[in-house]
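Colleague: Need the complex rebuilt from these two chains, each delivered in its own frame; the hints are there to steer you.
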Amino acid sequence: MKFRTTGRHVKEGSKSVFRNGWMTVSAIGATTTTLLLVGVFLAVMLNLNEFASSIEEDIEVRVFIENTANEQQVDQLGEKMESIDNVASVEYSSKEEELEGLVDSLGDQGQAFELFEQTNPLNDVYIIDPTRPTAADSIASEVNNLNHVYEVDYGEEIVQRIFTFNDYARTIGLALIIGLVFTAIFLISNTVRITILARKKEIGIMKLVGATNSFIRWPFFIEGMLLGLLGSVIPIAALAGGYYYLYYYLRDSINFDFVQLLPFNPFIWQLSALILAIGVFIGIWGSVMSVRKFLKV
Amino acid sequence: MIEMQGVYKTYPNGVTALNGLDTHIDQGEFVYVVGPSGAGKSTFIKLIFREEKPSKGSIFINDIDLASMKEKRIPKLRRKVGVVYQDFRLLPRMTVYENVAFALEVIEEHPANIRTRVMDVLDQVRLKNKARFIPDELSGGEQQRVSIARAIANRPRILIADEPTGNLDPETSWEIMHILEEINATGTTILMATHNREIVNTVKKRVIAIEDGMIVRDENRGDYGYEI
Ligand SMILES: Nc1ncnc2c1ncn2[C@@H]1O[C@H](COP(=O)(O)OP(=O)(O)O)[C@@H](O)[C@H]1O
Ligand SMILES: [Mg+2]
Chain S
1 MKFRTTGRHV
11 KEGSKSVFRN
21 GWMTVSAIGA
31 TTTTLLLVGV
41 FLAVMLNLNE
51 FASSIEEDIE
61 VRVFIENTAN
71 EQQVDQLGEK
81 MESIDNVASV
91 EYSSKEEELE
101 GLVDSLGDQG
111 QAFELFEQTN
121 PLNDVYIIDP
131 TRPTAADSIA
141 SEVNNLNHVY
151 EVDYGEEIVQ
161 RIFTFNDYAR
171 TIGLALIIGL
181 VFTAIFLISN
191 TVRITILARK
201 KEIGIMKLVG
211 ATNSFIRWPF
221 FIEGMLLGLL
231 GSVIPIAALA
241 GGYYYLYYYL
251 RDSINFDFVQ
261 LLPFNPFIWQ
271 LSALILAIGV
281 FIGIWGSVMS
291 VRKFLKV
Chain L
1 MIEMQGVYKT
11 YPNGVTALNG
21 LDTHIDQGEF
31 VYVVGPSGAG
41 KSTFIKLIFR
51 EEKPSKGSIF
61 INDIDLASMK
71 EKRIPKLRRK
81 VGVVYQDFRL
91 LPRMTVYENV
101 AFALEVIEEH
111 PANIRTRVMD
121 VLDQVRLKNK
131 ARFIPDELSG
141 GEQQRVSIAR
151 AIANRPRILI
161 ADEPTGNLDP
171 ETSWEIMHIL
181 EEINATGTTI
191 LMATHNREIV
201 NTVKKRVIAI
211 EDGMIVRDEN
221 RGDYGYEI
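Residue numbers (the UniProt record's numbering), protein chains in the order written: chain S, 1 to 297; chain L, 1 to 228.
Derived by calculation from the structure, the hints in this document are not laboratory data. Any given hint could be a false lead.
[To be verified] In silico lysine to aspartate or glutamate, DMTMM-like type, Cα no more than 25 Å apart, as pairs: (1) L:Lys76 <-> L:Asp120; (2) S:Lys11 <-> L:Asp120; (3) S:Lys11 <-> L:Glu105; (4) L:Lys128 <-> S:Glu202; (5) L:Lys130 <-> L:Asp87.
[Said to hold, decoys possible] Here are some of the chain S residues that sit facing chain L, going by a computed Cβ distance under 10 Å: (6) Arg4; (7) Thr5; (8) Gly7; (9) Arg8; (10) Glu12; (11) Lys15; (12) Arg19; (13) Arg199; (14) Lys201; (15) Phe215.
C-beta: ideal position from N, C-alpha, C; glycine also.
Next comes chain L alone, as it looks inside the complex (with noise of 0.2 Å):
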């Protein structure tokens, strides 16, 4: 459960990117958040596993209050959250199963616990057989679905992706997004900020419009609603 109250995000350098939201996200949803570019989707997104930090307003995760949350408790947080990424953020010289693991590994996982559950994630995001590869040698695609194995490694209640398939061509977008749905129908809240009018307009979710660092629409089932 997501819950966002008078949310508002200045940047340092004076520029502000949410200008007051007030939402509410259920566990087990699956939210697109669209909108121009510079309209805050990245900010909302990066607020919800405290790569920011709110300059006024209330953020609950599963009844954590993110604001005054404590510096040290941010990566118990982050490890209930799993992000993922248009630029996928893989570490370069570690192997495919290396990158999963290591996020078993923050959790002190026990080791033989890590090398079933790595081979699981693997299995699901189908990259069982390019495990000893490094990410250079991936394709965009499969370097997206390491990150989102690495994600939902240690089961994590919420998904947040910020453009996932914003460099990837349409059909292996659609391999993502079909690998995204399979998480959302085990239980796990997806919020996805994207572009991809094709997929939004298609696979019918809420939609969370973002304009101006306000949210302008919010529906269910709704549409992508931008020419381009």
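This is chain S alone, in the form it adopts within the complex (with noise of 0.2 Å):
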């Protein structure tokens, strides 16, 4: 195709999308509910998987010594856990110390545990990095093992739910987009074959001229493209609000400090232009897998 040709099947393009009224505004209808439910997904998805490998890479292995065992053995159980595979770094830290960082951690109210300084209840723990967050379970197993260990813990329990659940989230999230976009897909290429069957005699009468399939194609592709575009407006529009209100107000009321939501700026414009994409692809397919039977005239 040559270049001068493209101006006239957008010009073309864009006039179908103005001469079939209501089957223009039933399309982006269809392209706008299924981007709106796409976008919250995906929004919820974006976050919910940047939260678990947040979570992933603070996962470590916290060793608690028995207060019987003497310096050397303590030293000696540290070099047997540095020889663990997937071990990436191996930290003591002595009762004093955790006790001090569990009254940091609460505030006013650990002030309580200021009592506890005489008899301190704690016991000293190595602080075990694993190289990857997955390994933490078999260097837990190994390590109980060892001598002088009084208990492991790594947050098995979360972690694990935590884990799961990303995975159901994650496979149940994907599942309804890729269905919601064949279902707008259908929808966009139906309504479009409605108007395509008062197009049929001219599909004929344009081959009968000697219009190539893809000459009759082009304009289909652009009017897909636009509808698209256009259904795609109201979608990024509302999540943009609707992120920046959750991101920057409800922010501040509720004190998320679990839950870190992904930065505004460069989120919503990489989510904008997802939606975009989606959004240009259900037009394409459905406007272009419309003309198809009719192009064998």
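Modeller: The structure is reproduced here in structure tokens:
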């Protein structure tokens, strides 16, 4: 195709968008609804993903040392742990340091624990940083077999639950998004097809004059692209507005210390680009699919 | 140049429309195709721009073999052969100008050339003043002139017309005939299936008569030859 013909196809494609008033409205409606839902799913999923990986990074294995162990035994234990597979580093923290950390982390309420300073009930600990989060489990079980280990803890319950939940959320979210996208493609191709029945005769005439299939298809391609673009305007605006509100207002009124939302600035642009791309994909596919069978004239 | 040898056409429903046709038409000829209804005139015409494919036999248009031609080449062929129908077949939602321009857009002609060429051919069919009208706003004769303008816009060597005056009153039919003669005078081969006895008998040209899918008569400066 020569470049100057592009202009012609763009003109014809946009004309169709205006000419088929109600069809355009219903096709855009289908895209808008889909993209809104897809956008919400995406925002939730991407945030969950981020949340899960930030937790994964924080995973450490805490090894509580028996109070009866002497200095030499504690040192030996530390050396043995360093030789375990997937251990990145081993750090010692005395029970005094532990109590201090606990008091600090609890703020005002923590002052109650200062009473324990004389008879500290905590253990000395080794803090193991695994090379990868999923190795925490095997490291913990190996450490459990060593002497002078009182207890091993890496928050397995919570970690496992978050991993599983995140896996489910990812799978379900993806399935929903794909399902929605195909529903929208189907809806668009059906609405476009209704107007194509009227255009069937026109396509026949075009072919008699010597138009190639791709020449006939191009305006439909453009039309679909425009439908997708128009259909993503409202979802993008709504998502940006909603996320802005969530990120800046809710964050200040509710104390989200635990949940860190992805920062508004790059995230909303990435999300918008993704929504736009999905919208354009839906529009083009739906529209081009609907002409296919009419080209065999 | 059109060359047909042993051409048969049987439609999928079993009807044999052409029953062994041999003919040769030179560049620049004006040929009437006459015969009773259902004789196979339209089928004969449709073969020439590959709206239908022969079941048997060979058809050559300027040395292109239509029987073995690939589907993909059909658009190219159709750009070299202009077609005019009894029912005009204009694009209803486009203006006169756009209908004619379409034939040039299809061959990716330069937009500036399209404008001048469209105005030229509209002038040739005397419709320059109706360029902005849509087909529904025109009379039958005017619509047929638009379809002729579209057919000749990209300067085809061959123009085929299937009963171009079939839906028109005698006076309008003569207008169309004169336009076709002018086009023929520029060297374009014209093949016209017709029932218009008056025109055939007045403007004498080569006449090919088809009956039951066979050529039963082929004479230069022939008569229409049928009572009705
Ligand atoms: N598409 C088709 N399918 C089946 N039969 C057809 C088709 N077109 C024409 N015919 C049959 O072929 C014969 C010739 O038709 P046609 O070429 O249209 O004749 P004419 O134009 O001389 O009236 C007729 O019997 C007609 O019924
Ligand atoms: Mg006929």
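Colleague: Now, for every hint given, state plainly whether the structure supports it.
Modeller: Okay, the hints, checked on the actual structure:
Under the criterion of a C-alpha separation no larger than 25 Å, the hint pairing L:Lys76 with L:Asp120 is consistent with the structure, at around 23 Å. As the CA atoms of S:Lys11 and L:Asp120 are separated by approximately 24 Å, the hinted pair is consistent with the 25 Å bound. Under the criterion of a C-alpha separation no larger than 25 Å, the hint pairing S:Lys11 with L:Glu105 is consistent with the structure, at around 12 Å. About 24 Å separates the Cα atoms of L:Lys128 and S:Glu202, which keeps this hinted pair within 25 Å; it holds.
With a CA separation close to 19 Å, the supplied pair L:Lys130 and L:Asp87 stays within the 25 Å bound. Contact between S:Arg4 and chain L, as hinted, is supported at the beta carbon level, the nearest pair being about 6 Å apart and thus within 10 Å. A distance limit of 10 Å between C-beta atoms decides the matter here; for S:Thr5 the minimum to chain L is near 5 Å, and the interface restraint holds. Using the Cβ-Cβ criterion of 10 Å, the hint placing S:Gly7 at the interface with chain L is satisfied: the shortest such distance is roughly 8 Å.
Restraint check, S:Arg8 versus chain L: the minimum CB separation of about 5 Å is within 10 Å; hint holds. Interface restraint check: S:Glu12 against chain L, minimum CB-CB distance 9 Å, threshold 10 Å, status holds. Of the supplied interface hints, the one on S:Lys15 holds, with its beta-carbon coming within about 9 Å of a beta-carbon of chain L, less than 10 Å. Given hint, S:Arg19 at the interface with chain L, holds; its Cβ is 7 Å from that chain's nearest Cβ, closer than 10 Å.
This hint holds: S:Arg199 has a C-beta 9 Å from the nearest C-beta of chain L, less than the 10 Å allowed. Residue-level restraint check for S:Lys201 holds (minimum Cβ-Cβ distance to chain L is 8 Å; threshold 10 Å). Here the hint on S:Phe215 is kept, as its CB sits about 6 Å from the closest CB of chain L, short of 10 Å.
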